[in-house]
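Participant: Assemble the complex: chain A is given as a structure, and chains B and C must be docked to it using the hints.
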Amino acid sequence: MNAAVSQMSQPVETLALDRNGARVSPIGSRAFLLEATGDFDLASQRRIWALSRAVELWRDVLEIVPGMTNLLVVLKVTPEDPETLAVRLLEAWEHAESIDLAGRTIEIAVTYGGEHATDLAALCDRSGLSDREVVRIHYEGTYRVFALGSAPGFGYLHGLDPRIYMPRKTVPSLNMARGCLTIGGMQTGVAVLTGPNGWNSIGFAELQMFDPMSATPAVMAPGDTVRFVPASIEL
Amino acid sequence: MSKLDLSDPAIIERLSAALEVAGINGIEITRPDQSLLIRVAGSADGHARQVRSSKTDVGGAVVVVTAPMVGEFWPSDLSRTGAPGAFAAGDTVGFLKVGPILLPVSAGPSKCLRQHLVEPGTIVGFGDPIAEVEPEA
Amino acid sequence: MIEIIQTGPFNTVQDLGRPGFRNIGVTTSGAMDPLALKIGNSLLGNEAGAAALEIQTYPFKLRFSKATVFVVTGADCGASLDGRTVQPWCALSVEAGQVLELGQPRVGTRAYICIAGGIDVAPVMGSRSTSLRGAFGGREGRFLIAGDTLQTGEVSSPLNLPAAGISVVDPAFALADVYPAHEDGALVIRAIPAGEYGLFGEDAERFWSQTWKISTQSDRTGYRLMGDAIKPTTPVEMRSHGVVSGVVQVPPSGEAIIQMADANTAGGYPKIAGVIEVDLWRLGQARIGSRLRFVRATHAQAAEVEKAVAAFIDDVRRTARLVCGALQVLN
Chain A
1 MNAAVSQMSQ PVETLALDRN GARVSPIGSR AFLLEATGDF DLASQRRIWA
51 LSRAVELWRD VLEIVPGMTN LLVVLKVTPE DPETLAVRLL EAWEHAESID
101 LAGRTIEIAV TYGGEHATDL AALCDRSGLS DREVVRIHYE GTYRVFALGS
151 APGFGYLHGL DPRIYMPRKT VPSLNMARGC LTIGGMQTGV AVLTGPNGWN
201 SIGFAELQMF DPMSATPAVM APGDTVRFVP ASIEL
Chain B
1 MSKLDLSDPA IIERLSAALE VAGINGIEIT RPDQSLLIRV AGSADGHARQ
51 VRSSKTDVGG AVVVVTAPMV GEFWPSDLSR TGAPGAFAAG DTVGFLKVGP
101 ILLPVSAGPS KCLRQHLVEP GTIVGFGDPI AEVEPEA
Chain C
1 MIEIIQTGPF NTVQDLGRPG FRNIGVTTSG AMDPLALKIG NSLLGNEAGA
51 AALEIQTYPF KLRFSKATVF VVTGADCGAS LDGRTVQPWC ALSVEAGQVL
101 ELGQPRVGTR AYICIAGGID VAPVMGSRST SLRGAFGGRE GRFLIAGDTL
151 QTGEVSSPLN LPAAGISVVD PAFALADVYP AHEDGALVIR AIPAGEYGLF
201 GEDAERFWSQ TWKISTQSDR TGYRLMGDAI KPTTPVEMRS HGVVSGVVQV
251 PPSGEAIIQM ADANTAGGYP KIAGVIEVDL WRLGQARIGS RLRFVRATHA
301 QAAEVEKAVA AFIDDVRRTA RLVCGALQVL N
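Protein chains in written order, with the working numbering: chain A, 1 to 235; chain B, 1 to 137; chain C, 1 to 331.
By construction, these hints were calculated from the structure, which means they are not laboratory data.
Any given hint could turn out to be false.
[Claimed, not checked] The calculated EDC-like cross-link candidates involving lysine to aspartate or glutamate, where the alpha carbons are at most 20 Å apart (straight line), are: (1) Lys169(A) x Glu237(C); (2) Lys307(C) x Asp81(A); (3) Lys66(C) x Glu95(C); (4) Lys76(A) x Asp60(A); (5) Lys169(A) x Glu115(A); (6) Lys307(C) x Glu80(A); (7) Lys61(C) x Asp148(C); (8) Lys61(C) x Asp76(C); (9) Lys307(C) x Glu47(C); (10) Lys76(A) x Glu304(C); (11) Lys97(B) x Asp315(C); (12) Lys97(B) x Asp177(C); (13) Lys66(C) x Asp82(C); (14) Lys76(A) x Glu63(A); (15) Lys66(C) x Glu3(C); (16) Lys76(A) x Asp314(C); (17) Lys76(A) x Glu47(C); (18) Lys213(C) x Asp203(C); (19) Lys169(A) x Asp119(A); (20) Lys169(A) x Glu255(C); (21) Lys76(A) x Glu56(A); (22) Lys66(C) x Glu101(C); (23) Lys97(B) x Glu119(B); (24) Lys61(C) x Glu95(C); (25) Lys307(C) x Asp60(A); (26) Lys97(B) x Asp314(C); (27) Lys169(A) x Asp125(A); (28) Lys307(C) x Asp177(C); (29) Lys111(B) x Glu136(B); (30) Lys213(C) x Asp228(C).
Looking at chain A on its own, in the form it has when it is part of the complex (with noise of 0.2 Å):
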């Protein structure tokens, strides 16, 4: 029998290297993920920004995905050595700078309140705040996009004040529509797809964020000023 299957029994250290305000850890045998310890911040996504900058260059990386304060590294072949790997991850964050993305302004007219703000009631309650007051704290927000992920074109939004933080929901909503105005935890961002969603909704907006026909599919780039104007609010 091969080495590879007789060995499998046998127990394995986990690999999850944790220094200088960076942790990383495999997801599988070819993807790394490098995750900044420290404050979710922007000064922890422009070490990401700089970060992503250096590693997508290195060859035999397949893919990088940017998130909230961390960077998936998808590799083109599995590592034999997945340590001096991390290793490497590691000095690079230690020698990352941090760097701004000039991105432009996106303003996004909301309708607040309505038929779809299925969660505004529940964040109330949370928060010990009146609608109104959610509605205004959230559209005074600047938020700068930090990542896309999860759905074609979905921007993770950064800037949320903390007195409108929402956990993400335990059972999903199974049919949110395209256009729910969503809060997540700490981050807040526009539902791309209609379908399974486990953020808040608190209003809507109509707005095409991707076009795979496009020469740049995503509406949104990761470093982009997002401002949501009240085009209604219905309370």
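Facilitator: Chains B and C in isolation, oriented as in the chain A frame:
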């Protein structure tokens, strides 16, 4: 006078032995319904023999199917069960395995398998008899 | 060209997927059994990643509008051509007008119909794979329906197949040395502990020791597993991060989910493990209701299997051409 069955292993053996004794290094017999090719080549460890016998279908006769190329003979397609099982489906009498490739060997139109002439796993050469087929009942 | 005569839902055009766009939220998609796709294409002399039809609901029937060469790989679904049995993994020549039919699978769940030159739909973002969630790629971003016609690509150097065709040794048999056998009827899937493994405390052991059942809420997006709940010792609210197919996440219910080819590109549930890349095809062939068990693997083991699989695929491509060439000379 009844004609010799050129696909009969006993006949081939007798012919081959006769050739070797006579020091003749080959013979080829072609008839409308059958053909036989025997080549005998001297080598360091004795005599090597190449035999090619084929039989075309005339009136319900048993026909020998020969290997179309070099390969390892398997009666089944080495499927997921891992055990070479019963005869392959349809008009296939078996397979020649060449590395990861299996070459199905066909019984020919309207024929079915009578018997295999080699054991599973045997390496056969081009023209080696591997099975006998007969007309479908 | 081919014409779809009969099909169930969720049968799509797939290639090896659309990597490189996870950073804008675009799922990779691609064949759920990439090994079957690569072997089928290699046998035909296509590019390994040429597009094929992924069939997961049956019966399925198509007509070839012109003479070509095809192979059905993956699930063994008792295929027939004009009523005559077609062995799985066996490449055959067909004439214009012949009809290929696939029935309920006897082994596996997803069959791949690979055709010389590949299925030629317009690539979107570098791939012909259908993204059902995004509604683009493949045939108009949707699953196939009866009456669809699909073009096939040009073939640069066609294989001269013998009349009875040529087959590939079933990879489940050929690669038995590098894949663990079923244990008590459960599929054995190798995985590497992931980032939040340590948070599961004593429950982590139960992740490996128990047998999980693939629930009916399982599809190309992901497999929801049923078993004894495993929970982190303290709840965590994670920052969203990129994920790859094979990641095993644990939502608050405590029942693990394996993300598959059409998964979200990002997630925030704690992840206990990640299935090694070379074992994903076996999950792609696992049936709803069947059972599986996870065993721990190392990167070194995964890399070794990956090499063996790549060598097998290369060998199929090389030997298929060699065999067809030799037959031309000899016969």
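Participant: A separate judgement is required for each hint: does it hold in the structure or not?
Facilitator: Now the hints, each set against the structure:
| no. | hint | result |
| --- | --- | --- |
| 1 | Lys169(A) x Glu237(C) | holds (11 Å) |
| 2 | Lys307(C) x Asp81(A) | holds (15 Å) |
| 3 | Lys66(C) x Glu95(C) | holds (6 Å) |
| 4 | Lys76(A) x Asp60(A) | holds (6 Å) |
| 5 | Lys169(A) x Glu115(A) | holds (19 Å) |
| 6 | Lys307(C) x Glu80(A) | holds (11 Å) |
| 7 | Lys61(C) x Asp148(C) | holds (12 Å) |
| 8 | Lys61(C) x Asp76(C) | holds (15 Å) |
| 9 | Lys307(C) x Glu47(C) | holds (19 Å) |
| 10 | Lys76(A) x Glu304(C) | holds (15 Å) |
| 11 | Lys97(B) x Asp315(C) | holds (13 Å) |
| 12 | Lys97(B) x Asp177(C) | holds (18 Å) |
| 13 | Lys66(C) x Asp82(C) | holds (15 Å) |
| 14 | Lys76(A) x Glu63(A) | holds (8 Å) |
| 15 | Lys66(C) x Glu3(C) | holds (10 Å) |
| 16 | Lys76(A) x Asp314(C) | holds (17 Å) |
| 17 | Lys76(A) x Glu47(C) | holds (18 Å) |
| 18 | Lys213(C) x Asp203(C) | holds (17 Å) |
| 19 | Lys169(A) x Asp119(A) | holds (10 Å) |
| 20 | Lys169(A) x Glu255(C) | holds (16 Å) |
| 21 | Lys76(A) x Glu56(A) | holds (12 Å) |
| 22 | Lys66(C) x Glu101(C) | holds (17 Å) |
| 23 | Lys97(B) x Glu119(B) | holds (13 Å) |
| 24 | Lys61(C) x Glu95(C) | holds (16 Å) |
| 25 | Lys307(C) x Asp60(A) | holds (16 Å) |
| 26 | Lys97(B) x Asp314(C) | holds (16 Å) |
| 27 | Lys169(A) x Asp125(A) | holds (14 Å) |
| 28 | Lys307(C) x Asp177(C) | holds (13 Å) |
| 29 | Lys111(B) x Glu136(B) | holds (5 Å) |
| 30 | Lys213(C) x Asp228(C) | holds (10 Å) |
Against the hints set out earlier in the document, no violation occurs for any number.
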